[in-house]
Amino acid sequence: MPSPFPGMNPYLEKPEYWSQVHKWLIVLIAQSLNPQLRPKYRVAIEERVYNATGDDSMLGRVGILPARKDHVVVQSSQSNHQEPSALVTVAAPSVKPMKIALPMTEMVREWYLEVRKVETGKVITVIEILSPKNKRSAEGRSTYETKRQKILDSLTHLVEIDLLRQGKPMAMNNQAFQSHYRIVVSRSQERPQADLYAFNLPQAIPSFPLPLQPYDREPTVNLQQLLHNLYDQGSYDLAIDYSKDPPPPLSTADAAWVKEVLIEQ
Numbered sequence: 001m002p003s004p005f006p007g008m009n010p011y012l013e014k015p016e017y018w019s020q021v022h023k024w025l026i027v028l029i030a031q032s033l034n035p036q037l038r039p040k041y042r043v044a045i046e047e048r049v050y051n052a053t054g055d056d057s058m059l060g061r062v063g064i065l066p067a068r069k070d071h072v073v074v075q076s077s078q079s080n081h082q083e084p085s086a087l088v089t090v091a092a093p094s095v096k097p098m099k100i101a102l103p104m105t106e107m108v109r110e111w112y113l114e115v116r117k118v119e120t121g122k123v124i125t126v127i128e129i130l131s132p133k134n135k136r137s138a139e140g141r142s143t144y145e146t147k148r149q150k151i152l153d154s155l156t157h158l159v160e161i162d163l164l165r166q167g168k169p170m171a172m173n174n175q176a177f178q179s180h181y182r183i184v185v186s187r188s189q190e191r192p193q194a195d196l197y198a199f200n201l202p203q204a205i206p207s208f209p210l211p212l213q214p215y216d217r218e219p220t221v222n223l224q225q226l227l228h229n230l231y232d233q234g235s236y237d238l239a240i241d242y243s244k245d246p247p248p249p250l251s252t253a254d255a256a257w258v259k260e261v262l263i264e265q
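If you count the sequence shown from 1, position 182 lands on 182 in our numbering, and the numbers rise without skipping.
These are calculated hints, taken from the structure and not from any lab test. Beta carbons are placed, not taken as given, at the ideal position from N, Cα and C, and that holds for glycine. Check the hints yourself; a few may be wrong.
[Unchecked claim] Straight-line C-alpha distance at most 30 Å; calculated BS3-like pairs for lysine-lysine:
no.: 1; residue 1: 99; residue 2: 40
no.: 2; residue 1: 168; residue 2: 244
no.: 3; residue 1: 14; residue 2: 117
no.: 4; residue 1: 168; residue 2: 259
no.: 5; residue 1: 147; residue 2: 23
no.: 6; residue 1: 259; residue 2: 40
no.: 7; residue 1: 40; residue 2: 117
no.: 8; residue 1: 147; residue 2: 168
no.: 9; residue 1: 122; residue 2: 14
no.: 10; residue 1: 122; residue 2: 259
no.: 11; residue 1: 150; residue 2: 168
no.: 12; residue 1: 150; residue 2: 40
no.: 13; residue 1: 122; residue 2: 23
no.: 14; residue 1: 168; residue 2: 14
no.: 15; residue 1: 117; residue 2: 150
no.: 16; residue 1: 244; residue 2: 40
no.: 17; residue 1: 99; residue 2: 135
no.: 18; residue 1: 117; residue 2: 99
no.: 19; residue 1: 122; residue 2: 150
no.: 20; residue 1: 14; residue 2: 259
no.: 21; residue 1: 117; residue 2: 244
no.: 22; residue 1: 259; residue 2: 135
no.: 23; residue 1: 117; residue 2: 96
no.: 24; residue 1: 40; residue 2: 23
no.: 25; residue 1: 244; residue 2: 23
no.: 26; residue 1: 259; residue 2: 99
no.: 27; residue 1: 244; residue 2: 135
[Unchecked claim] What follows is a list of derived Cβ distance ranges for each label pair:
no.: 28; residue 1: 252; residue 2: 155; range: 18 to 28 Å
no.: 29; residue 1: 263; residue 2: 93; range: 50 to 60 Å
no.: 30; residue 1: 237; residue 2: 44; range: 46 to 56 Å
no.: 31; residue 1: 253; residue 2: 155; range: 37 to 47 Å
Full structure from sequences and hints, please.
In structure tokens form, the structure reads like this:
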């Protein structure tokens, strides 16, 4: 069963699904490209490992109840005559612990793809699918931006896929536009110019060419079809609760569009 949405499925951005979706897309892109690239090239799945603090684990705030009075004053009285007030000290209730979450260091593993020339093993193109940590956490963003800049300063092509609405987009010289999602195809010989595919939730995910060495035929990556495939193969129709709103929150117009699409299914 394909995804009910013509483009990106916003429910797949939910954190509990995204780590799986990321891996599915990496594998499916490699599977679709390798038969088209052989025998000159092959696509390899690589892994980036770094330590990061769990800065997203404490998004809520711990509520503190108003402080209780330490002492209670009890006044006794007799009819027709008032005696001096008697002060009685009552012990305050003992403080009970509350459960909190502390930031912990975690090992992060992120998959990406390298298109290599079979004869020499040289990396021709890197394909990255951004994760929430690349866009939000300090360590994740810093680690990715360092690698990104090294690629942009080299002769290696870069394909950067951003299917997450939440988080700060990666740096570009021209940021006068806004879009939910982005695909950047950066050819080494054309830098600093690059091809940007900017699209929003109601739009289909655009297909894009995979840059290779000069004069070699460039295969087209149909990311939309691959997303439908992973939705079907991962049985996400059984996992997603479409009665709830997708995270992060949508605009009023986009939320109405999502409900309309789901009603028509």
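Hint by hint, here is what the structure shows:
At most 30 Å may separate the alpha-carbon atoms for a hinted pair to count; residue 99 and residue 40 exceed this at roughly 57 Å. The straight-line distance between the Cα atoms of residue 168 and residue 244 is roughly 25 Å, inside the 30 Å bound, and the hint therefore holds. About 36 Å separates the Cα atoms of residue 14 and residue 117, which puts this hinted pair outside 30 Å; it is violated. Between residue 168 and residue 259 the alpha-carbon distance is near 26 Å, which keeps this suggested pair within the 30 Å criterion.
Proximity of residue 147 to residue 23 is assessed by CA-CA distance (about 20 Å); at most 30 Å being required, the pair is judged to hold. Note on residue 259 and residue 40: the hinted pairing is violated, with a Cα-Cα distance of about 47 Å set against a maximum of 30 Å. Note on residue 40 and residue 117: the hinted pairing holds, with a Cα-Cα distance of about 6 Å set against a maximum of 30 Å. Restraint check for residue 147 and residue 168: satisfied, since their Cα atoms lie roughly 17 Å apart, inside the 30 Å limit.
Note on residue 122 and residue 14: the hinted pairing is violated, with a Cα-Cα distance of about 36 Å set against a maximum of 30 Å. The hinted pair formed by residue 122 and residue 259 fails the criterion: a straight-line CA distance of about 47 Å is larger than 30 Å. Between residue 150 and residue 168 the CA atoms are separated by roughly 20 Å; this keeps the pair inside 30 Å, and the hint holds. Between residue 150 and residue 40 the alpha-carbon distance is near 25 Å, which keeps this suggested pair within the 30 Å criterion.
Taken as a hint, the residue 122 and residue 23 pair is honoured in the structure, with Cα atoms around 24 Å apart against an allowance of 30 Å. Straight-line distance between C-alpha atoms of residue 168 and residue 14 comes to about 17 Å, which keeps the hinted pair within the 30 Å bound. Under the criterion of a C-alpha separation no larger than 30 Å, the hint pairing residue 117 with residue 150 is consistent with the structure, at around 19 Å. Taking the CA atoms of residue 244 and residue 40, the gap is about 47 Å. The hint is violated against a cut of 30 Å.
Our distance criterion of 30 Å between C-alpha atoms is met by residue 99 and residue 135, whose separation comes to about 29 Å. Proposed proximity of residue 117 and residue 99 is contradicted: the alpha carbons are some 53 Å apart, above 30 Å. Among the hinted pairs, residue 122 with residue 150 is consistent with the structure: their alpha-carbon atoms are about 15 Å apart, no more than 30 Å. Using a Cα cut-off of 30 Å, the hinted pair residue 14 and residue 259 holds, with the two alpha carbons roughly 17 Å apart.
With a C-alpha separation of about 46 Å, the suggested pairing of residue 117 with residue 244 is violated against the 30 Å cut-off. Annotation: proposed proximity of residue 259 to residue 135 holds, straight-line Cα distance about 28 Å (limit 30 Å). For the hint linking residue 117 to residue 96, the alpha-carbon distance of about 63 Å lies beyond 30 Å, and the restraint is violated. Simply put, residue 40 and residue 23 have alpha-carbon atoms about 25 Å apart, close enough for the 30 Å limit, and the pair holds.
Among the hinted pairs, residue 244 with residue 23 is consistent with the structure: their alpha-carbon atoms are about 25 Å apart, no more than 30 Å. Between residue 259 and residue 99 the alpha-carbon distance is near 37 Å, which puts this suggested pair outside the 30 Å criterion. Only pairs whose Cα atoms come within 30 Å are accepted, and residue 244 paired with residue 135 is accepted, the gap being roughly 25 Å. Taken as a hint, the range 18 to 28 Å is violated for the pair residue 252 and residue 155, whose Cβ atoms sit roughly 46 Å apart.
Evaluation of the 50 to 60 Å hint for residue 263 and residue 93 yields a pass: the beta carbon distance comes to about 52 Å. The hint said 46 to 56 Å for the Cβ distance between residue 237 and residue 44, and at roughly 31 Å that hint is violated. Between residue 253 and residue 155 the Cβ separation comes to about 43 Å, which falls inside the hinted range of 37 to 47 Å.
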